[in-house]
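K.L.:
Sequence:
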Amino acid sequence: MGLNEPPEITGKTEVSQPAEFVPLTNEMANAIWLEFASGQGPRISSLMKLLSARVEGTDMIVTAGSMEQLESLEEIRMPFTRFVLAKTNEKILRFLVERGEVKDTERRPYTDKEKLDYMLKKHPEWQEMIEKLHLRLP
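Just so we're on the same page, my numbering is the position in the sequence shown counted from 1, plus 1117.
In case anyone wonders, no lab produced these hints; they're calculated from the structure.
All of these numbers come straight from a predicted model, not from anything done at the bench.
The reader is advised that the hints may include incorrect statements.
Said to hold, decoys possible - No farther apart than 25 Å at their CA atoms in a straight line, the calculated lysine-lysine pairs in the BS3-like style are these:
| no. | residue 1 | residue 2 |
| --- | --- | --- |
| 1 | K1249 | K1232 |
| 2 | K1238 | K1249 |
| 3 | K1230 | K1166 |
| 4 | K1166 | K1204 |
| 5 | K1230 | K1204 |
| 6 | K1249 | K1239 |
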């Protein structure tokens, strides 16, 4: 066979079959999420490990619980989107961050007086005991 001659045809041709489309599950999305987190710096990595991703159609959605989380997730939006596109063979087309409901938490008691008030609120029967013992507490 010379340089200008076509290759010899043997009769067998291999045709690659298209891979069957398998939808991405939430478990798969979280595995990708944690894999990306492991390659990030400590601040972003620890944040990502606190959150989880879910899949809706071709969107991967993460719910942020605070503005700080939202801002941090915006920092990684583009690198993460590229990572996901490569990992999922473009099954996930968008990475969305939504702001979840932030629960108002009661401020923790700091001073001795605040701690006593908190405990008396939790255990009202203690007030009677304090009065019986004639204790002078802050």
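K.L.:
Of the hints stated earlier, which fail here?
P.N.:
3 and 5
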